[in-house]
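Listed here are the chains, written in short residue letters.
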Amino acid sequence: MPQTSKLSEYLKPENLQKLARMEIIARLVVEGFITGMHKSPHRGFSVEFAEHRQYVPGDEIRHINWKAFARSDRYYIKQYEEETNLRGYILLDCSASMSYQSNGSVSKLFYGKCLAAALSYLMLQQQDSAGLITFDSAVKTYLPPRANPTHLKAILHQIDEAKIGKETSLSNIFHDLAERIKKRGLIIIISDLFDNIKDIMSGLTHFRHKKHEVLIFQVLDPDELTFPFRSWTMFNNLENDGHKLLTEPQRIRAAYLRSLNGFVAELRRGCGQKRIDFEQLNTRVPFDTALAAYLANRMS
Amino acid sequence: MPLNPSILIWMALAGAPVVIHLLNRRRYRVINWGAMQFLEQSVAKSSRRLLIEQLLILMLRTLLIAFIVYAMARPYLPGAMPVMPAARPKRNVVVLLDRSMSMRYDENRVANLAQGKEAVARIIGELQKGDSLNIVLAGGRPQPLLKEPVVDIEQFMDLLREVEPMGDEANMTEAIKEALAQLEKSYNPLREIYIITDRQAFGWQAKTETRWADTVESLERGALKPTLHVLQVGQAEYENAAVTGITPAHSSVGIYQPARFDVRITNFGKERREKVNVRFTTGDSREKTTQVDLASGGNSVSVSFEHQFDTPGSQLVRVSIDPDALPADDEMVASVDVYDAIPVLLIDGTGSSDAQTPGALELALRPRDSENPDFKSLLAVQVCRIDTMPSLSTSKFHLVVMHDVARVPDRQVAELERFVFSGGGLLVMPGRNSDPASFNRYLYRDGDGLLPSKLEQVPALKDPVRALAQAFTHPALAQFRDPKNGDFTLIEVYKYFRYVDPRDGKSRVLAQLGNSDPLFIEKTFGQGRVILSAVPVDKGWTNLQKRSFFLPLMQCTAYYLAGSVQPPRNVLLGSPLSLFLPPESRSRTVQVIDPEENEHEVKVAEKDGRRVATFTDTQKPGTYRMLDGDGKQTFYVVRPPEQESNIKPLNPDEIAWVEKTLGATFAKDWDDLRVRAFSKTRELREFWQLLIIAAILVLLLETLLTGRFAARSQRIEAARA
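So the sequences go chain by chain: A and B. If you read the first sequence in my numbering, its first letter stands for residue 8, the second for the next number, and so on. If you read the second sequence in my numbering, its first letter stands for residue 28, the second for the next number, and so on.
One thing to keep in mind: the hints can contain errors.
Simulated pairs of lysine to any residue, SDA-like, Cα-Cα distance not exceeding 20 Å [to be verified]: (1) A/Lys251 <-> B/Ala71; (2) A/Lys251 <-> B/Ser73; (3) B/Lys403 <-> B/Glu389; (4) A/Lys173 <-> B/Ile58; (5) B/Lys522 <-> B/Phe577; (6) A/Lys205 <-> B/Glu67; (7) B/Lys403 <-> B/Thr338; (8) B/Lys297 <-> B/Glu264; (9) B/Lys423 <-> B/Glu611; (10) A/Lys251 <-> B/Glu67; (11) A/Lys251 <-> B/Asn51; (12) B/Lys72 <-> A/Val271; (13) A/Lys251 <-> B/Ser74; (14) B/Lys234 <-> B/Trp684.
Cβ pair distances, simulated, as ranges [unchecked claim]: (15) B/Trp37 <-> A/Asn110: 39 to 45 Å; (16) B/Trp37 <-> A/Ser238: 26 to 32 Å; (17) B/His48 <-> A/Pro235: 19 to 25 Å; (18) B/Tyr214 <-> A/Met241: 48 to 54 Å; (19) A/Pro235 <-> B/Leu85: 21 to 27 Å; (20) A/Gln134 <-> B/Ala737: 52 to 58 Å; (21) B/His48 <-> A/His250: 22 to 28 Å; (22) A/Pro235 <-> B/Leu50: 18 to 24 Å; (23) B/Ala737 <-> A/Asn203: 29 to 35 Å; (24) A/Asn110 <-> B/His48: 25 to 31 Å; (25) B/Thr254 <-> A/Ser238: 56 to 62 Å; (26) A/Arg276 <-> B/Trp37: 57 to 63 Å.
Derived from the structure by calculation, the hints contain no laboratory data. Note that CB positions come from ideal geometry on N, CA and C, so glycine has one too.
If we strip away everything but chain A, and leave its shape as in the complex, we get (with noise of 0.2 Å):
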């Protein structure tokens, strides 16, 4: 189906770096998505039929399934399962780290963005309601949930006006809004996690005790992921000003990928102890992973 193919070439980072619109990016990630699913996710979710019962005097006369009562002569309502109806948080990095991009790649942030974005039209389309939180060391903007369509342009909005900020400090964040989110919702954070591995995990570890869902995107740069440097460089810390690193990089390879691949390592396990799913992203992948992650999420 050439619509399809069209759609899903939309999925990868680097050709939705050409759009403008934030909403544009996350209609075409959406449905490129979906098409390529073959099974639309309006079925199932928000209105599931349960099963009937009896009439009983004070029920809404709308409700009564009159084919059934054409069958029977009685009257039956149709009962509706209640609509559980998901709050998702979205948390979206900002820091300065998230401003790494190698060559041929999005940036990190941008990539969140646009994760962010389809995310948050994606659950608005299901009847949920989402809301958008950017930080770096402080919480920058904070847009509560709502299941309203119209909501979906002030999220977009808020992506649009994200800006590359300080660091990060993500303990202090999630403890703040471990205690701000009152209603149990969804929690996704969108974030390369570059913190202090304890502090990350006490702060999930509060979301979990605040009964959240929480879902972890770690967005990562393939730079980042297989330090791919040579000849003798200097590494200019994005986060603070004035640090620096003067080293030859390929003899310092295996050391940094070990440390790298045990600090995931351990977030893996850590996550899976606390039950937040987590995944990985590399800005090169397309957003359908993404995507099919927070679908798996959820479903369970």
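Assemble chain B onto chain A, guided by the hints.
Just chain B now, with coordinates in the frame of chain A:
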């Protein structure tokens, strides 16, 4: 020190890996990085290991270069090495063959040089395949037969046959230096110098530490001190007499005038020789002969020959004695310039009030013979006053006489200085008109000017002071050593200029007064000479002009001073020959014909305002001729130093000194030398092969470690994938 120490300069390359490492560190790229926490952890964990790895790799690379460079420098160890295969070390031989004049000595009908060549051939016969050889000829400027040592030693046999003796001394210090330079050009480890000589003491100059200092230093500096063997050819005792000097009595010789030549004959042998015939010939006369008895032990006898030349120009005078075993020095030739006139400028400052006295000086320079109206004086005198002085050049005047001149204006001072500097003669006789202050200021110039001394006028003396009679050695006054030719004590001086002899080495007192004040004092200025007289020709100052020897005194002085106008015609080996061309000559080149009748062309150059042709290649003794464009021929005679005729060999003391100083051994004869030099071989092993093996091992290790360090990263990446 290795055999090829100059290669060690490249050892600096061993620093290249470190330099490249540091340069790389400076040429880094900059990346703004987010995942700093992992980077810091890895650097913290790996820094020590990285440093060790880096140091290890750098050390291996440095070592690799160092091994290769050191191997190329060819190091060695004395003695045998168990790990290295025992191969005969190759010889690096330089034979130094004396071909000085004394090597022509052939008492037994076999000249010393022929014996020397035979010894060289024997040494060549002892050499083996791979040995390198060069032959340095000592005599004159040391000259290697080939530019550098070669292993194809057979070619020397032909070259050796063509070696001819030189007329010069064998300068052993220089010759050994040249031999050492030749040794440096071959890389064979066993360095040996063989000196084949008649051991003439003169060439060795043993016991003169200063002369040998350079050579000894060169010997010590070498990577491997060479062994020196000296082999004597010829006999221990020599008999030799030689003509050791021909000196004309006057520096300038005129035609139609009796010219005297003093000839010196020296017997260097141990036996007295009697009735030795001495023959004197010139180009235009018959042979004159006399007989002398020669005492032994280096004693000399002087004989005089008188000759009158009929033609002006360059002439040769030849003196020979009965030939002996060394015929080269039994004849001596001298070149003489014969003049038909010597132009003299007399600048007379005497006023017209006393016209008689200046006439006396002019007459003394240009005598007239009233009985013979055809008589022509050799000195052609032109008289002028200082303000009408014509422009001076050595082609116009050979001599300027300044008599009683009051003061010399600036322009004339400069003109006179130029004239004397380029070879002209100047006789200064200040008198009653002269202003001493002006003379001191312009002509003495604190020692930088023409005058040999400052002037200070002495007031009239109460009692006249007389000149001293001395054993005059100066050529201008040598004639008056014999009082019969003129008794200086008869000279009375009533008033004079006192000259303070500055004792600065530039001036020389020729004659003195009784009170020790100088009468005549001389100074050399550039190429020319100046004589200053304390008295003028003035009867109020001296009675000199009344003395019978006044005329010969003035003439001798004038001949002497005029003699420096031309460059020397008789020079020692190696000294340049110069010909002054008259300004009107148009010749751009001068032809030179050497003793072997080879023609050379010399360009004429401007020097000190004169046109000069200079020929420098005078390594062969004998008669040279220079022909200018007008076909005028000038003879030059190039002579070896007279000591070369003294074939006295080194005495045991001197041999011991040479043996000690140079570490040389003197062989009694060929068999002795063969036993010493060729029967046993010095033990010496090179080990560059070991170094190359070490370098290869280091290279392998470096490749292995670099690969290993790189693989560690790859393994982790692979494991992650």
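| said: If I claimed the Cβ atoms of A/Pro235 and B/Leu85 lie 21 to 27 Å apart, would that claim hold in this structure? | reply: For B/Leu85 against A/Pro235, whose Cβ atoms are near 25 Å apart, the range 21 to 27 Å holds.
| task | Measure nothing beyond the straight line between the CA atoms of A/Lys173 and B/Ile58; if it is 20 Å or shorter, mark the hint as holding. | result | Measuring from Cα to Cα gives roughly 18 Å; hence the hint holds.
| task | Using the beta carbons of A/Pro235 and B/Leu50, state whether their distance is inside 18 to 24 Å or not. | result | The hint (18 to 24 Å, Cβ to Cβ) holds, given that A/Pro235 and B/Leu50 are roughly 23 Å apart.
| task | Could you see if the CB distance from A/Gln134 to B/Ala737 stays within 52 to 58 Å? | result | holds (56 Å)
| query | Straight-line Cα separation of B/Lys297 and B/Glu264 no greater than 20 Å? | reply | Within the cut-off at roughly 8 Å; holds.
| request: Verify the proposed pairing of A/Lys251 with B/Glu67, using a straight-line Cα cut of 20 Å. | output: holds (10 Å)
| task | Just tell me: holds or violated, for the beta carbon distance of B/His48 and A/Pro235 against 19 to 25 Å? | result | holds (22 Å)
| 20 Å Cα cutoff - pair B/Lys522, B/Phe577 | holds (18 Å)
| message | Taking the Cβ atom of B/Thr254 and the Cβ atom of A/Ser238, is their distance within the range 56 to 62 Å? | response | holds (57 Å)
| message | Checking one constraint from the list: CA of B/Lys423 to CA of B/Glu611, max 20 Å. Satisfied? | response | holds (11 Å)
| message | Verify the CB-CB distance for B/Ala737 and A/Asn203 against the hinted window 29 to 35 Å. | response | Because 32 Å falls inside the window, the suggested range holds.
| query | Is the gap between the beta carbons of A/Asn110 and B/His48 within 25 to 31 Å? | reply | holds (28 Å)
Checked against the numbered hints given earlier, this structure breaks none of them.
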